[in-house]
Structures are given as C-alpha cells and as structure tokens.
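So the protein sequences, as listed, match chains S and W.
Sequential numbering of the first sequence, starting at 415, is according to this note's numbering.
Sequential numbering of the second sequence, starting at 17, is according to this note's numbering.
In short, the hints are calculated from the structure, not lab data.
None of the values given here were measured: they were computed from a predicted structure.
A portion of the hints provided could be inaccurate.
[As the list claims (entries may be wrong)] Sample of chain S residues facing chain W (criterion: CB under 7 Å; computed from the structure): (1) ASN416; (2) PHE417; (3) ASN418; (4) ALA419; (5) THR420; (6) GLN424; (7) SER425; (8) THR427; (9) PHE428; (10) PHE431; (11) VAL432; (12) PHE434; (13) PHE438; (14) PRO442; (15) ILE443; (16) ALA446.
[To be verified] Covered stretches of chain W, going by a simulated chain S footprint (3 or more residues, C-beta under 8 Å): (17) 59-73; (18) 78-85; (19) 101-107; (20) 111-123; (21) 163-174.
[What the hints assert, rightly or not] If you anchor each label on the Cβ, the simulated ranges turn out as follows: (22) S:LYS451 to W:THR152: 50 to 58 Å; (23) W:ASN119 to S:LYS452: 19 to 27 Å; (24) S:ASP477 to W:TRP102: 46 to 54 Å; (25) W:TRP102 to S:ALA460: 21 to 29 Å; (26) W:PRO143 to S:THR449: 42 to 50 Å; (27) W:LEU275 to S:ILE426: 21 to 29 Å; (28) S:LYS437 to W:SER89: 17 to 25 Å; (29) W:ALA293 to S:ALA460: 36 to 44 Å; (30) S:LYS451 to W:ALA221: 35 to 43 Å; (31) S:LYS451 to W:PRO209: 50 to 58 Å.
Heads up, the beta-carbon is just placed ideally off N, CA and C, and yes, glycines get one too.
Listed below, chain by chain, are the residues.
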Amino acid sequence: MNFNATLIGQSITFIFFVWFCMKFVWPPIMNALETRKKQIADGLAAADRGKHELELAAKKAGDNLRDAKAQAAEVIAQAEKRAAQIIEEAKTAAKEEGDRQLAAAQANIEQEANRARESLREQVAALAVAGAEKILRREVDAQTHADLLGQLKAEL
Amino acid sequence: MASEYHSSGEYIKHHLQNLTYGQHADGTWGFAHGAEEAKAMGFWAINVDSMLFSIGLGLIFLFLFRMAAKKASTGVPSGLQNFVEWVVEFIDNSVRGSFSHQNALVAPLALTVFMWVFLMNLMDLFPVDWLPFAATMAGVPYMKIVPSTDPNVTFGMSLSVFFLVLYYSVKMKGAGGFFSELAFQPFPKFLFPVNLLLEGVGLIAKPISLALRLFGNMYAGEMIFILIALMFGGGWILAVFGGALQWAWAVFHILIITLQAFIFMTLTIVYLDMAHAEHH
Numbered sequence: 415m416n417f418n419a420t421l422i423g424q425s426i427t428f429i430f431f432v433w434f435c436m437k438f439v440w441p442p443i444m445n446a447l448e449t450r451k452k453q454i455a456d457g458l459a460a461a462d463r464g465k466h467e468l469e470l471a472a473k474k475a476g477d478n479l480r481d482a483k484a485q486a487a488e489v490i491a492q493a494e495k496r497a498a499q500i501i502e503e504a505k506t507a508a509k510e511e512g513d514r515q516l517a518a519a520q521a522n523i524e525q526e527a528n529r530a531r532e533s534l535r536e537q538v539a540a541l542a543v544a545g546a547e548k549i550l551r552r553e554v555d556a557q558t559h560a561d562l563l564g565q566l567k568a569e570l
Numbered sequence: 017m018a019s020e021y022h023s024s025g026e027y028i029k030h031h032l033q034n035l036t037y038g039q040h041a042d043g044t045w046g047f048a049h050g051a052e053e054a055k056a057m058g059f060w061a062i063n064v065d066s067m068l069f070s071i072g073l074g075l076i077f078l079f080l081f082r083m084a085a086k087k088a089s090t091g092v093p094s095g096l097q098n099f100v101e102w103v104v105e106f107i108d109n110s111v112r113g114s115f116s117h118q119n120a121l122v123a124p125l126a127l128t129v130f131m132w133v134f135l136m137n138l139m140d141l142f143p144v145d146w147l148p149f150a151a152t153m154a155g156v157p158y159m160k161i162v163p164s165t166d167p168n169v170t171f172g173m174s175l176s177v178f179f180l181v182l183y184y185s186v187k188m189k190g191a192g193g194f195f196s197e198l199a200f201q202p203f204p205k206f207l208f209p210v211n212l213l214l215e216g217v218g219l220i221a222k223p224i225s226l227a228l229r230l231f232g233n234m235y236a237g238e239m240i241f242i243l244i245a246l247m248f249g250g251g252w253i254l255a256v257f258g259g260a261l262q263w264a265w266a267v268f269h270i271l272i273i274t275l276q277a278f279i280f281m282t283l284t285i286v287y288l289d290m291a292h293a294e295h296h
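Produce the entire structure from the sequences given, and follow the hints as far as they go.
Structure, rendered in structure tokens:
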C-alpha cells in the first residue's frame, strides 16, 4: 500500500464522472420515468372513467328500453280500446238503422192497410148502395137521397 | 503460467504490483520495476494501470447510460433502456430510502458510485493471468486490472465523498453548528475535549473505513484468485482442483462485488444524509 498521485487522479476522475452523470445521465432518465409514470396513471384513470361511462350508458339504455316498452303497451291498450269503441258504435248504428227501416216498413204496411181499408169501405159502400138501389129501385133516387147515401158511406 | 516465475512468492508479488510511472532515483522518468522502485518514487508517481482501467470502465458506464438517457422515451422501454431504467430506479429507491433531504447531487452521485465500483470490481472475475500475461507479451512489466484493489482508487473516491460530507455539514449547519455537533455532544459542554476526540475519530473513520472496506474485500478476493491460479502449475490433478475452486470462488465473488458496490453506495448516501441532518 503506497499512496501516490493516483489518489488525486482518481478524485478528479470521480468528480468529473459524478458531474457528467448529474448533468447528462440522471435528469433525462428520471424525466422519462416520471413522465411514463404519469402517463400510466392517466391511462388508468381514463380507463376507470370509460368504465363508469359505460355503466351509465348501459343504465340509460335500459331505462329507454323500459320507457319504450311502456309506451308500446299503452299504444296497444289505446288501440284495443278504440277498436272496441268502433265496434260498439257500429253495433249501435246498425241497430238504429234496423229500427229505422223497421219503423218505415211498419209505416208503409199501415199506409197500405189503410189504403186497402179505404178502398174496401168504398167498395162496400158502393155494394151497399147498389144493393139498396136494387131493393128500393123506385123510391131511391140518387139525387134526392145523395146525402143519405153519403152518410151511409161514411158510416161503413 | 506460474512456472515462468522463480517462486510462488515472486508470482504473487508480480500480480499485486501496479504499473507505476514516476521519477526514478537517478532522476529519469519511467515505469517502476518492482515494489521497491515504485515506493522510492514517492507521492508524485501514478499507477497507470489503475487510472487506465478505472477511467475506461467509468467511460463505459457513462457511455452506456448516456446512450440510454438520450434515447429515453416514455414509450415501452426495450433492451439497454430497460436495463438502465432498472438500475436507475433501484438507485432512486435506495436514495429515497436513506436520504431524507433535498439534494439533486446525491442520486447521480450514488448511481456513479454504484456502477463505477461495480464495474471495477467486475474486473476481478477476469482470470488473473490473462491480461497480465498479454501485457507481459506486449512488453509491459506489470498490469493490475482490478482498480478497486488499489487503495489509491478507493481512497480517491472515499476522500471525495468525505469532502462532500464536510462541505454539506458546513453548508447546512454553518461552521459553528458543525463544530458544536463535534464538540458539545454526546457529553456535557465542559467535557468538550473528550467530545471533540470522540466525534473527530468518528468523522475521520468514515472515509477510511469506506475505502478500506472496499479495498480489503477486493484485495483479499484477488489474492485468493492468485493463490488458486498457483495450483495450475502443480500437475494436472491440482490444476483440475484449482479450476473447480476458481469457478466456485468466482461464483461467490459475483455476490461480493455487487454487495461491496452496494455498501459503498449506501454508506455514501448515509454519510451525506448525516451531513444534512440537524442534531438536537
């Protein structure tokens, strides 16, 4: 163990190496490491956020689907109700029309019957007058007994 | 290869001798031939192999990490960038764990200490004869390839750390605060000479223990590799046994070189943390 100027040479070399390392080696590497660490942290945070958003979207989609189903059910119910209503109205209308036609037919029949009764009465009156004429040929003058005949005709 | 030497003692001595450049006793400059000559050169000589290998390894470290730093992107890292980021995060965690103040210097310092010491220790896993033998072939008399087995290297680092400790102690607590920390505790104020002695020894022990721990571990490991290598010259049975031993020791040494680099780094962080901390 003998000491010589190597000691000084080593110290100078050492100081130079440390200086170089401090100036040109350490900062860029640490910088890269820190930046990457931050990037990874950001990436993880973004992934978390994305996951959260996905959950929200899934929930929203479920809600929308439920709303749509409810609306569809409502529309169907309304349509059924409306259909029932239309059928009911049609039934009512048909019944009214039937009644109306029935009434018209009855009125017609009555009219016809009246007319037939009228003509029958006239014919009976004519027959009665003709019969009476035959019986009372001589006495009965159509002119003189016109009011009598008319009265009889009205009674028959 | 041990057979090229006259004795095992000479072989060991050769492998533990740095390539020293300095002024010879006769006034000329050149490489020292042997430990005596190197000692005679005094302080103003330099261990060329230690400097060369340590600077080379340091440059490899800085080059690799600088490349990764330039290409550092926030995308998916691959290959070199992955490795570098792994090391940097490991250092960053260690610093966060032991250093509780704000100082931009500490983490790069810890990274440099760890990687540099690790690479210097890693040279220990090279078979002890390869590079010295190649150097001898090329006409270079000595070649010690593990810089951290040279106390100059470990002390060079630990003393630099020590000066940083002194600098931050004075900067954070002021000269008076630093002095009172040394003189007025752990005993009452009137015993300040005792305190000063105790704390002074504690302070001085920091860089010395830091350097000696690394040096001692690496030196001892290297010595064992050299002793094992001696067996290769003692017949094929010993050589096979030596080969097995060398493999086992190398595997164990992987743990030691990493551990020593880590300890050096951790203690550096802890000493700097203590320099920043206020005593109450």
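### Query
Against chain W, with CB atoms and a cut of 7 Å, does the hint on VAL432 of chain S hold up?
Holds - the Cβ of VAL432 of chain S comes within 7 Å of chain W, reaching about 5 Å at its closest.
### Query
Quick one, is the THR420 of chain S hint okay against chain W at 7 Å, beta carbons?
holds (4 Å)
### Task
Would you check whether PHE431 of chain S satisfies its interface hint, that is, whether its CB is within less than 7 Å of any CB in chain W?
holds (5 Å)
### Query
Hint check: is the beta carbon of ASN416 of chain S less than 7 Å from a beta carbon of chain W?
Where the cut-off is 7 Å and the nearest Cβ of chain W is about 5 Å from ASN416 of chain S, the hint holds.
### Message
So, as I understand it, the hint says ASN418 of chain S touches chain W; can you test that by seeing if any CB pair is closer than 7 Å?
### Response
holds (4 Å)
### Query
Given ILE443 of chain S as an interface hint, is the shortest Cβ-Cβ distance to chain W below 7 Å?
holds (5 Å)
### Task
Would you check whether GLN424 of chain S satisfies its interface hint, that is, whether its CB is within less than 7 Å of any CB in chain W?
holds (3 Å)
### Range agreement (Cβ of PRO209 of chain W with Cβ of LYS451 of chain S, hint 50 to 58 Å)
Check passed, 53 Å falls within 50 to 58 Å.
### Task
For the range 21 to 29 Å, tell me whether the beta carbons of TRP102 of chain W and ALA460 of chain S fit it or not.
holds (27 Å)
#### Entry: Given coverage of the segment 111-123 of chain W by chain S, checked by CB-CB distance under 8 Å (3 or more)
Holds, because 3 residues of the segment 111-123 of chain W bring their Cβ atoms closer than 8 Å to Cβ atoms of chain S.
### Task
Go check the segment 101-107 of chain W versus chain S for me, would you? Three or more residues, Cβ under 8 Å, otherwise it fails.
With 3 residues closer than 8 Å to chain S, the segment 101-107 of chain W meets the three-residue bar; holds.
### Query
How does the coverage statement for the segment 78-85 of chain W fare against chain S, requiring three or more residues with Cβ below 8 Å from a Cβ of that chain?
As far as the segment 78-85 of chain W goes, the hint holds, because 5 residues have Cβ atoms under 8 Å from chain S.
Of the numbered hints listed earlier, not one is contradicted by the structure.
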